[in-house]
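Sequences listed follow chains A and B, in order.
Following the numbering used here, the numbering of the first sequence begins with 385 at its first residue and continues without gaps.
Following the numbering used here, the numbering of the second sequence begins with 385 at its first residue and continues without gaps.
One should not assume that every hint holds.
No copy is singled out in the list; a pair is fine if it fits within one copy or between any two copies.
Straight line, CA to CA, 25 Å or less: simulated DMTMM-like cross-link-like pairs of lysine to aspartate or glutamate [what the hints assert, rightly or not]:
1. 488 <-> 655
2. 488 <-> 552
3. 488 <-> 476
4. 430 <-> 552
Everything labelled a hint here was simulated from the structure, so no lab data went into it.
2 protein chains.
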Amino acid sequence: MSDLGERLEGYRREVEAALDASLPPETAWPATLHRAVRYSLLAGGKRLRPLLVLASAESVGAAAADAMPLACAVEMIHTFSLVHDDLPAMDDDDLRRGKPTCHKVFGEAVAILAGDALLSRAFEVLVTLPDPVDAERLRRRLGVAALLASAVGTTGLIGGQVEDLESEGVAVDAPTLERIHRAKTGALLRACVRGGALLGGAGGDELAALDVYGAALGLAFQVVDDILDATEDATRLGKTAGKDEAARKATYVTVHGLDAARRTADALLAEALTALAPLGPRGETLALLARRVVERRA
Amino acid sequence: MSDLGERLEGYRREVEAALDASLPPETAWPATLHRAVRYSLLAGGKRLRPLLVLASAESVGAAAADAMPLACAVEMIHTFSLVHDDLPAMDDDDLRRGKPTCHKVFGEAVAILAGDALLSRAFEVLVTLPDPVDAERLRRRLGVAALLASAVGTTGLIGGQVEDLESEGVAVDAPTLERIHRAKTGALLRACVRGGALLGGAGGDELAALDVYGAALGLAFQVVDDILDATEDATRLGKTAGKDEAARKATYVTVHGLDAARRTADALLAEALTALAPLGPRGETLALLARRVVERRA
Numbered sequence: 385m386s387d388l389g390e391r392l393e394g395y396r397r398e399v400e401a402a403l404d405a406s407l408p409p410e411t412a413w414p415a416t417l418h419r420a421v422r423y424s425l426l427a428g429g430k431r432l433r434p435l436l437v438l439a440s441a442e443s444v445g446a447a448a449a450d451a452m453p454l455a456c457a458v459e460m461i462h463t464f465s466l467v468h469d470d471l472p473a474m475d476d477d478d479l480r481r482g483k484p485t486c487h488k489v490f491g492e493a494v495a496i497l498a499g500d501a502l503l504s505r506a507f508e509v510l511v512t513l514p515d516p517v518d519a520e521r522l523r524r525r526l527g528v529a530a531l532l533a534s535a536v537g538t539t540g541l542i543g544g545q546v547e548d549l550e551s552e553g554v555a556v557d558a559p560t561l562e563r564i565h566r567a568k569t570g571a572l573l574r575a576c577v578r579g580g581a582l583l584g585g586a587g588g589d590e591l592a593a594l595d596v597y598g599a600a601l602g603l604a605f606q607v608v609d610d611i612l613d614a615t616e617d618a619t620r621l622g623k624t625a626g627k628d629e630a631a632r633k634a635t636y637v638t639v640h641g642l643d644a645a646r647r648t649a650d651a652l653l654a655e656a657l658t659a660l661a662p663l664g665p666r667g668e669t670l671a672l673l674a675r676r677v678v679e680r681r682a
Numbered sequence: 385m386s387d388l389g390e391r392l393e394g395y396r397r398e399v400e401a402a403l404d405a406s407l408p409p410e411t412a413w414p415a416t417l418h419r420a421v422r423y424s425l426l427a428g429g430k431r432l433r434p435l436l437v438l439a440s441a442e443s444v445g446a447a448a449a450d451a452m453p454l455a456c457a458v459e460m461i462h463t464f465s466l467v468h469d470d471l472p473a474m475d476d477d478d479l480r481r482g483k484p485t486c487h488k489v490f491g492e493a494v495a496i497l498a499g500d501a502l503l504s505r506a507f508e509v510l511v512t513l514p515d516p517v518d519a520e521r522l523r524r525r526l527g528v529a530a531l532l533a534s535a536v537g538t539t540g541l542i543g544g545q546v547e548d549l550e551s552e553g554v555a556v557d558a559p560t561l562e563r564i565h566r567a568k569t570g571a572l573l574r575a576c577v578r579g580g581a582l583l584g585g586a587g588g589d590e591l592a593a594l595d596v597y598g599a600a601l602g603l604a605f606q607v608v609d610d611i612l613d614a615t616e617d618a619t620r621l622g623k624t625a626g627k628d629e630a631a632r633k634a635t636y637v638t639v640h641g642l643d644a645a646r647r648t649a650d651a652l653l654a655e656a657l658t659a660l661a662p663l664g665p666r667g668e669t670l671a672l673l674a675r676r677v678v679e680r681r682a
């Protein structure tokens, strides 16, 4: 593994430990809820979003540790969205990260509440600061909490999921598809990059460059997701494959075709990498993450 | 109406206007979600929680306007919990505040997402501050956001709902019942009182007195709710009556009997009013709210 790869693996292990420490133990009251929340959050996964936060903070010269609360918060938000999306009333999925989904194990009611708890806990982690703290750090934390809430809200992740559900079985044009994806998966990914940079004190040109990177990466992620759904099987995906087609969902593959989707992913990767150029060597970890997003197989 | 009553009614109108202004219009993308969120949040109701926030801020000499973002946030949290509690997988209720529940109008998927959006928006409203802001106000906002998140989380409202669901059809003893209620309804009511006071800069004795008030009021609220569920009909309640008995839920009435429940409510009201005594006339609005909670008929 390259030095960069090792650094990312080190970050991933730190994220796992921080996530574990961010939740009450399974034995704490109410045990059922804590079991469900831990089952969902600590199920492994690539931890792309926390790694983006840490790499983005690093890219502007900040210590990754300062960004760890945000790293935990974005993974909680991501997991909350998976738990709710998998519910019978939504995508009705039985399998996630190779394991039975939360509602299959704990029932629908607890799964709804476990998602709620993860969403709430994400903000709790983010707004809890040890005293004494200087005004500038307080201001950054509040700003990042507002950024995250906006990324989750009615014009972000949650809004995108609503339009995605409404578009099932409906002919969707390319602009609509892009709007859904920018909201449903792109908003949180962009907030990871921008949030890490803001916590690190970035401004001006650095922030603008990272915003371009985040937008390209966010869209690339979804394009690749659509390619994988169309081409991989469930064993490799760790979730039900071919679901998009079965649900007659519009994807980059159904709207543009497989070849065009692959060309789009490559173009977005190039755009993301170009945006990082002004950051020099400090942007290398972000560059590696972008390559992994586009070149992943599952 | 008394002067105090008129002041409360003025606050209530200000809260309605602030809630309305805190959400995007129904026409904004995605329209379905914004319609569902506005339908649920702007359905009237007594607005007890926002009024507690404003009255608590007032009781420590602060301007009610400074506490309005928290007032909106707590009503959003309250509404989120109602929307999710009413879902078929939970209490499966068709009627709320005299109107069809969110999932009856918009379907289950949108109702789940509307609840999610309200929870997220609550934090967004709370952590969004206009620049420039002094460090002390930043610190108070973060502290109150953490308090609110804790009141909602796994040992607060959401945790209480989990244990409440698990206790259906099970013999529940008095300490368990009290733990459920302290979490499910008490935690948010206490946070309203404490949060309003913290935003107003309260500390020491004032805060301690208001914590006693908030705890007594929170428990009294649930005891009275149980009494009303056992004695009122659906028309007056605006929601399905007798549901607790039908679901074989433990309540103060089923565990202690109706007379004892009424005596408990009166004793808690006395405790709440006694706690306010050191605040003098500034505590009068909180006193009126406590009386209304215990003496309400529906």
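Evaluation of the provided hints:
| no. | hint | in the structure |
| --- | --- | --- |
| 1 | 488 <-> 655 | neither (40 Å within a copy, 45 Å between copies) |
| 2 | 488 <-> 552 | both (23 Å within a copy, 20 Å between copies) |
| 3 | 488 <-> 476 | both (10 Å within a copy, 19 Å between copies) |
| 4 | 430 <-> 552 | neither (28 Å within a copy, 39 Å between copies) |
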